[in-house]
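What follows is the residue order along each chain.
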Amino acid sequence: MKSLFENIKTIAGENRNVILLGIGLTLYLAFYFISWHVTIISLGSFYSVLDAAESFVAQSARYLVFSAIAASAVCAIMLFLKRPLAKKIFIGVLLFLFFCTEFIRMFDWGALYFSGNHVDANFWTHAFYSDSTTFLFTMVSIAIYLAVILFFFGMFYLLKQLYIHTGNGERP
Amino acid sequence: MKLKLSLLILGLNFAVVLVVGGIVYSSVWMGKIIFRGNTGVGEQAGGGERQGESTVSFELDKKTLLDRDKTMSKVDEMKEKIFKIRNDDPNSYTRLPESEFLGSLFAYFFLSRIAGGKEVVLDEEMIKEFRNKGTLLYSMDKQYPLMKRSIYIDRSRKTPNKPVVRPGTNIIMIFVESLSDFFLREEIHGIKGLTPNFRDMERESFRFSNMYNASFPTLKGLIASLGSCIYLLDESIGSTRIPVPCRFLFISDILKTLDYTTIHIQAGSERFIGMKDIFTKRQSYDYFYGAESLTIDNITSMKRGFGVDDDTLFDYIIGWLEKYQGSRPLFLTISTINSHPPFKVKSRHPGAGDNDMLNALYSTDRAFGKFWNYFKKSKYANNTLLLVTADHAMGNNKEYIKFMKHFEDHYRPFFDVIPCFLHFPGGALKGVRNDTSCNNLDITPTVLDMMNIDLPNPFMGLSIFSERPFYSKKGGDLGKGLELKGSYDQKQIAKAKKLIGFYINLYRQDRILPKDFQVKLYR
Numbered sequence: 001m002k003s004l005f006e007n008i009k010t011i012a013g014e015n016r017n018v019i020l021l022g023i024g025l026t027l028y029l030a031f032y033f034i035s036w037h038v039t040i041i042s043l044g045s046f047y048s049v050l051d052a053a054e055s056f057v058a059q060s061a062r063y064l065v066f067s068a069i070a071a072s073a074v075c076a077i078m079l080f081l082k083r084p085l086a087k088k089i090f091i092g093v094l095l096f097l098f099f100c101t102e103f104i105r106m107f108d109w110g111a112l113y114f115s116g117n118h119v120d121a122n123f124w125t126h127a128f129y130s131d132s133t134t135f136l137f138t139m140v141s142i143a144i145y146l147a148v149i150l151f152f153f154g155m156f157y158l159l160k161q162l163y164i165h166t167g168n169g170e171r172p
Numbered sequence: 001m002k003l004k005l006s007l008l009i010l011g012l013n014f015a016v017v018l019v020v021g022g023i024v025y026s027s028v029w030m031g032k033i034i035f036r037g038n039t040g041v042g043e044q045a046g047g048g049e050r051q052g053e054s055t056v057s058f059e060l061d062k063k064t065l066l067d068r069d070k071t072m073s074k075v076d077e078m079k080e081k082i083f084k085i086r087n088d089d090p091n092s093y094t095r096l097p098e099s100e101f102l103g104s105l106f107a108y109f110f111l112s113r114i115a116g117g118k119e120v121v122l123d124e125e126m127i128k129e130f131r132n133k134g135t136l137l138y139s140m141d142k143q144y145p146l147m148k149r150s151i152y153i154d155r156s157r158k159t160p161n162k163p164v165v166r167p168g169t170n171i172i173m174i175f176v177e178s179l180s181d182f183f184l185r186e187e188i189h190g191i192k193g194l195t196p197n198f199r200d201m202e203r204e205s206f207r208f209s210n211m212y213n214a215s216f217p218t219l220k221g222l223i224a225s226l227g228s229c230i231y232l233l234d235e236s237i238g239s240t241r242i243p244v245p246c247r248f249l250f251i252s253d254i255l256k257t258l259d260y261t262t263i264h265i266q267a268g269s270e271r272f273i274g275m276k277d278i279f280t281k282r283q284s285y286d287y288f289y290g291a292e293s294l295t296i297d298n299i300t301s302m303k304r305g306f307g308v309d310d311d312t313l314f315d316y317i318i319g320w321l322e323k324y325q326g327s328r329p330l331f332l333t334i335s336t337i338n339s340h341p342p343f344k345v346k347s348r349h350p351g352a353g354d355n356d357m358l359n360a361l362y363s364t365d366r367a368f369g370k371f372w373n374y375f376k377k378s379k380y381a382n383n384t385l386l387l388v389t390a391d392h393a394m395g396n397n398k399e400y401i402k403f404m405k406h407f408e409d410h411y412r413p414f415f416d417v418i419p420c421f422l423h424f425p426g427g428a429l430k431g432v433r434n435d436t437s438c439n440n441l442d443i444t445p446t447v448l449d450m451m452n453i454d455l456p457n458p459f460m461g462l463s464i465f466s467e468r469p470f471y472s473k474k475g476g477d478l479g480k481g482l483e484l485k486g487s488y489d490q491k492q493i494a495k496a497k498k499l500i501g502f503y504i505n506l507y508r509q510d511r512i513l514p515k516d517f518q519v520k521l522y523r
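Top to bottom, those sequences are chains A and B. Counting along the first sequence from 1, when you hit position 151 you're at 151 in my numbering, and nothing is skipped either side. Counting along the second sequence from 1, when you hit position 490 you're at 490 in my numbering, and nothing is skipped either side.
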């Protein structure tokens, strides 16, 4: 048992940055997912988080578990990938997937805020009228774009740091 | 080494999320105790305190309506209540957005094509209630419940005692912005000469003296008058109203098959809610001119508010009519704008003081006067039915409130009696008055009845001459204007939700008229 702790201590000491980045990535993903719900309930509805307490707590738990697994998987894959190009492609795929969720969440947040419903059949019915594009230029929409950009660069920064610290000390 | 490190990260991540999860749970739990007095997160189930609410009540009386700030506060309160009735599920905000987005995308582009969308079907009891009020549902087609075989509920009720308009007669309909009939009653409000030209036309015409507007605002008013249909959708995205998603049967569609040239001229923008597209692509209008076209003649007329002023509008119309040399009969509809807030004041009436609403009405009357004087002497006077009405009654704007404080008995914002004057060719039936209680949904069926035209249709209105006596709309709250007081239990709310869902589904799914509908007149 003692040797196990010694072993962990050694690994943790040698890979402190990777471990911190893994935890950081978990927290970042969890914050990204959970804050979406908190902001839309607080800013875009007549309700408070307390009105949806049970489902909010359940959804948060799912997000937390997912974030922990996803962040750990990303760290493991980054550790096992040897070639810098493979790591870069992997980061590209991750950023693409992250942007996809941002894109979807951006529209769904806007749909909830402006019309009170999730993106639904009615949204798609009117999505392609040119007159409907006006909603893309409101102050709220601009705030959403800013949030999307900030989250994206936050993710990019974390993955870049992982790339640096899992690449045998070589800087990209 | 790498495997051990990966497992270590996984273990630490789970330790961290356990801590964070604990913080989230305890924050919510604490919040419940502090703000709600509950001790368990699991007690909410769709908003704990609302579970005790079995009724929804609201009150909007004249006293409140006469105070704009109080009215807005009440309206906000009502909106919140209606929103909660409609979306009474705070849990909907915790659903997974990716799943909602992709699910709806898939459903819209694939499933809805197969299943035809979610449909609300009314039960027998509700259908019977409608039938007793003169609305026939599901009589032709289950997919298009408004469709019925005739403009009459019972074709044997056609009456010979009605004015007759020969098909081929030109028809001009003028929809004056927000013109409540009250403004023409100078013997009541006391401002002599506020609307002399409308009053002159009233004297020279046949008049429906008890017509209410069925819809508000302008576009819905036009749909009610031209398509005999109440349009309920009022969806907006970022304060921009989205275009109307369905097709109606306008009188223009019917007259088009009788070889009429159809034209709409309005002082407002052509692009607003896609109006030009709606009229020209769906409702058989040959020409549509709005502010963009009219501005070419007079750029300064765009000053203040949206659209051009009514002087420019009527000048344009007179010019257009003068130039029109076509051999086909004409169906011309016109919408004015001066009396829409912010008001366009071109002329001031000494008795109106600084009230912009009254001065804007006076300005519209003067602009109409130019047209009216032209019309009476023009080649159109003896072969044209000229109908003047309003798109709807005056809204509850500050100027209206200020003026109506002196006439509280007549204070009916949004829904009120509107003028409806018909100048028949050659001035026939001049001065005749029809006091039947009716609304502007009845305009199109009545004009068709006078022209002896009948066809399958989705109209909600009935001919005032033929069907009205069987389905009187007298009584109820019609004459009170907008004064809402009520308390509704869950059963009534469920019924209302079903009814609203029924109509909204018709509009959203474009099920007013069958896709392959073609106007076929009975001979």
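Because the hints were derived from the structure by calculation, they are not lab data. A couple of the hints might just be wrong.
Unchecked claim - Partial selection, computed: residues in chain A whose CB lies under 8 Å from chain B: (1) Gly13; (2) Asn17; (3) Gly22; (4) Leu27; (5) Val65; (6) Ala71; (7) Phe80; (8) Pro84; (9) Ala86; (10) Lys87; (11) Phe98; (12) Thr101; (13) His118; (14) Val119.
Unchecked claim - Under the rule of at most 27 Å between Cα atoms (straight-line distance), these lysine-lysine pairs were calculated in the DSS-like manner: (15) B:Lys128 <-> A:Lys9; (16) A:Lys87 <-> B:Lys405; (17) B:Lys491 <-> A:Lys82.
Cβ atoms here follow ideal geometry from the backbone N, Cα and C, with glycine treated the same way.
Outcome of the hint check:
1. Gly13: 11 Å, violated
2. Asn17: Constraint on A:Asn17 not satisfied, violated at 12 Å.
3. Gly22: 4 Å, holds
4. Leu27: 7 Å, holds
5. Val65: 7 Å, holds
6. Ala71: Check passed: Cβ of A:Ala71 comes within 6 Å of chain B, closer than 8 Å.
7. Phe80: With a minimum Cβ separation of about 6 Å from chain B (threshold 8 Å), the hint on A:Phe80 holds.
8. Pro84: Result: violated, 17 Å to nearest chain B Cβ.
9. Ala86: 15 Å, violated
10. Lys87: Interface hint status for A:Lys87: violated (14 Å vs cutoff 8 Å).
11. Phe98: 12 Å, violated
12. Thr101: 6 Å, holds
13. His118: 4 Å, holds
14. Val119: Where the cut-off is 8 Å and the nearest Cβ of chain B is about 5 Å from A:Val119, the hint holds.
15. B:Lys128 <-> A:Lys9: 80 Å, violated
16. A:Lys87 <-> B:Lys405: 75 Å, violated
17. B:Lys491 <-> A:Lys82: 67 Å, violated
Checked against the numbered hints given earlier, the structure breaks hints 1, 2, 8, 9, 10, 11, 15, 16 and 17 and satisfies all the rest.
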